[in-house]
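With these hints in hand, go ahead and build the complete structure from the sequences.
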Amino acid sequence: MELVKIVAIIILFFGLAIAMFLRKLPALLALPLMAFGLPLIAGVSFNDTLQFVIGQGALKLHQAYTIAFFGSMLSILLQKTGIAENFIKIGAELAGDKPWAIAVAMLLLITLLFTTLSGLGAIIMVATVVLPILSSIGLSPMTVVGIFLFGLSLGGIMNPSNWVLYLNVLQLPIEQIKLIALWMFLNTFLTALVYITIQLYRDGQAIKIFKILGLSLAFGVILALVIFAFLHLPQNFQNALKNAWHSLGTILKTVIGAGLALLFLYSLARIIFNRTRIAFSAVTYLSPLIPLLLIILFQIDFIAAFICGLIFAFLTTYRKGHLNLFIQSILQGGAVVMPAVVLMFGIGMLLNAIMGPGEVWNTIHPEGWPVLNLLRPLMMRIIPHSPWQYILIFTLAAPLALYRGPLNIWGMGYGLAAILLASGMPAGAIMGLLLAVGQVQGISDPTNTHNVWLANEMQVDVQKVLYNTLPYTWLIAFLGLIISAGMFYR
Amino acid sequence: MAKRIKIGIDVGGTFTHAVAIDISNYAIVGKVCVPTTHTDREGVARGVVESLHLLIEKSHLNPDEIILIAHSTTQATNALLEGDVAPVGVIALGSSRLNKIIQRQSDLGNIELAPGKFLRTFYTYLEIDESLKEPRIRETISNLVAQGAEVIVASQAFGIENPEREEQVVQIATEMGYLATAASQLSKLYGLRIRTRTAVINASMLPKMLETANLTEKAVRESGINAPLMIMRSDGGIMDINEMRKRPILSMLSGPAAGVAAALMYVKVSDGIFLEVGGTSTDISVIKHGKPQVKYAQVGGNRLFLKTLDVRTVGIAGGSLPRLAGKRISDVGPRSAHIANLSYVAFNPANDYSAEQFRTFQPMSGDPSDYLAIQLDGEERPRLAVTTTEAAYYLKEVPAELGVEVNQSAIKACFAALGKYLQQSPEKIAHDILTIATRKIEPTIDQLRREYKLEREFIHLVGGGGGAPALVPFAAHQLGFEHFLAENCQITSAIGAALGIIRDTIEKNIINPSPADLLAIRQEAVTSVQAMGAIPESIEVSIEVDNRNKRVQAIATGSSELRTRDLSIKKLTTEDILTRAAQILKTDRSQVKIEGKTAFLFAITSVQTRKHFFGLFRESLQQVRVIDHEGILRLQINDGSVVATIAREVKSQTATIIEKLTTYGDAGALLPDLFLLCAAKIIDLSGLVEPSQVLALVEIELEKVPPTEPIVIVAAKKK
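Respectively, the protein sequence lines represent chains A and B.
Residue numbers for the first sequence follow the working numbering, beginning at 1 and rising by one.
Residue numbers for the second sequence follow the working numbering, beginning at 1001 and rising by one.
Since the hints were derived computationally from the structure, they do not count as laboratory data.
All C-beta atoms in this analysis are idealised placements derived from N, C-alpha and C, irrespective of residue type, glycine included.
Check each hint, because a few of them may be wrong.
Unchecked claim - The calculated label-pair distances, taken between Cβ atoms and stated as ranges, are: (1) B:1096 <-> A:251: 26 to 34 Å; (2) A:18 <-> B:1589: 40 to 48 Å; (3) A:297 <-> B:1096: 28 to 36 Å; (4) A:331 <-> B:1523: 28 to 36 Å; (5) B:1621 <-> A:22: 47 to 55 Å; (6) A:471 <-> B:1366: 34 to 42 Å.
Next up, the structure:
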């Protein structure tokens, strides 16, 4: 009986995943279908499935999609008032003819920002600034999305808030975590450079390969120097550096805070003293940056930050009859982001279908969520015993990180980590595995909220983002596993 | 009525061909061929003029009968390859705000045109303020000239928004006696650096091109011809010679463009891969939905804001020489009989060959010495060659009706001897030569097919150029494509020049274009081709909105005369049309029907069922083909619908179709591809992204059409 159930689950999962992959069925239908079928097969009752999976699942990502609504309002207002248009025009006119260098510079900027930021709200904010710049230098929407995703993932590798799992579950020392992360970072970064080069070539840009090799080398050396220097500097020097950074931060915070307050006062004064005939004051261009600054420096709530941005954009572009435009943007903003929101309903349902609804369920049913229980023994079978097996098995299985599959950290990955640890695999190898295979999911998975939002914003099909990036992310996984095997299986 | 004759002249690598075509029946009333005059002081212009005179004389043409002369030129391309250009003085303009960046972006330094060939530029930046008046501009120009500049370029940051300043500089420079280009004249796209570079390249060719343009025009006028003189453009259209005086850069790649124009206008290819096969190399290009495919040009690896035909050149053609490794054919080309100074066996009177006459040799210094050639008895060096042409004739791959006279018995004797020399069957040798040749063009065809998403079953290989019979039929059989050869394939390019249509493209950055924006850019394109001599009734415009790159482009085409051809041609009956359609769709007569028609066009449908998974799933597709009254295929769509209606109903019908056929996916809504058939025109609305844009264009396109005129709407879901 168990076996029949497992086979049925596998058939349902792969059937629908392939249907999505081949774009026979849009994900916004396939995901809820998958979410509905999996628990029923595993033995959850019909009523419970409706209540816990379909009903509660749709609400699961409420934070993400509410933020997306507000982000979209700001983005539409920027378009309607012409701020976005002018941004793009200036970018297109003066960005010059070095798309590769600009693309890599943007990749580094995104990476840097996401070593501290995380969450869809932050992604939308950064994207509002970065996407227009990237598309203004003549990159195709697919390339723009790809570069953003790579940057996001690179930042995520070095983001300490993502290391909690390795610290708590795997009990790894922080030094070791840093070292693994660093190697994974270099691996992903180099692959990202290859990705950018090939994509630019496919977009029809002139590629000067020797110049690019030279530049890559320069970028790589500088990056490696900075990171290694930071890791190997004497402790007291590191501390001094950190302190200096910290006090610099405080000064910056005060100055920018005062600046922001002044800006708001200025834009109010502009309206009060009726200087609104000047259509565009230069400060208007700061609108997309304001929410970002508020979040990084003052840790303000995402939605509140977006509202501040909305108000600022409204004030600095105020003219008579402008309120109408403002309201229009608020309503249209919701409509524009709807395809992404509907997808997030489905993703939420699928998460509940695989991971279970959580506390509510576990208090009534101490034995746990049937879908997880069914799959756990299956996981035990694939535990590798040699470095070769480790590389081979997980390289082949890497695409299972997609569509919330068994290797997905946000799907069953946590459970998997616990099982692997119990089986006696080195903790470092598990972290290496999660980080390496995690890139397949973090960059390529069409069921990531950020993939969905970015694809929606740039009007590309989220499945096509998968086709486009999977060869590279699979390569990252393979190389990452080799590095990790070299480090932990000796 | 007097004859109406168009003259086309194609400047090729070795020969300049000229033809005269009677446009009432497209008959060729004369053709001549003279050597191309690359090295002449007057450049290729002399060959153009000579061939024209010779043509008029030989064919007894009356200058009054000539209604148009069009020629291609290799001068722009050669000037860039050889670095034969004038130093340019660049005056960059900008307002105070972003001074530093503007200067960095507009100062180009010396531009590498080809390895080791540089275009020198001299640079000055002027800030636009109160003090920028005529005397200062004059002084700046004088300074640049003193440094060595011969021509002037004015380029302003955001100059495409208000080009007055650039125009002022150009005007002052012209008054001072210098040639000048304003960057915003050449491109309306944002991107200061690329726009400036495009203008600089254009300006650098001005002196030379102006001189030859004047020479050619003078010679033409002196022969008593008052017809418009046109030049082949890089995008497959033609332009007035006055336009070339301002924008010579548009004549880059003019040569291959003439071949593509022939494929469109003479062979009437609607979807296909066109191979213009010469003696040494083959130019391969793509035609899709009746349009040649274009891409941005580059010079020395630097991008320009100039669209040229996407032509890929492969080093294999009708005269390519085989190479040997031992007793085996190891390769064919890149050297050809022409370059190696050998004659074709096929076109030589000698009839007797023996195995001992074959040997390997080195065509040019630096080449490998394994090329196969024939050295006749008593001669000191090889003089004859076996090429792909001989191989194709030996295997009887060349259709007999082509009417090219070859020495069949010589080919037979030669291959028999070659068989003995290589100890193989002659058939195998010929087969090997052509198989290797095919393998060389296959990757390019494959790549084009993927890049332009051509459906395999629609692809025809269309051959033009003198070498086409040698290569195209065999390659098509091997690769499993249908094919045909252009009539008069030796002179296709010259015919293409004669039949070329006046064309211009306007491209602008518009973010979220409104219907009014589209109408404005459409009007701009119409005005431009009208200024080049197109009569208003003949002008067609297709508009494409590229939301992703925030660009809109309008391509206007037109001709300088009304098509009298339509009157004299015998129209096909409905029966003939159905037979032709069944033939195109490879199905039975009873399976096709005419779903809608205009006076000149027929929309044919046929439902075809496809089986998937061993017949488990059936999918029925409605095939749509649009055929004109001469039986020529104009449009093909794999799964589409057809609505026949009248002009005043079109708007409401279109709205309904859009609603019905818009597809929704994970990326939101996608409009269907729409085409309107109106009289002889196919109005392409497939490049638009918003219903309001489609409806606005429908309105303007049908403005002058009587309300009861039959219109057919062809629509297909986007995939």
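query: What hints, given by number in increasing order, does this structure fail?
result: 5
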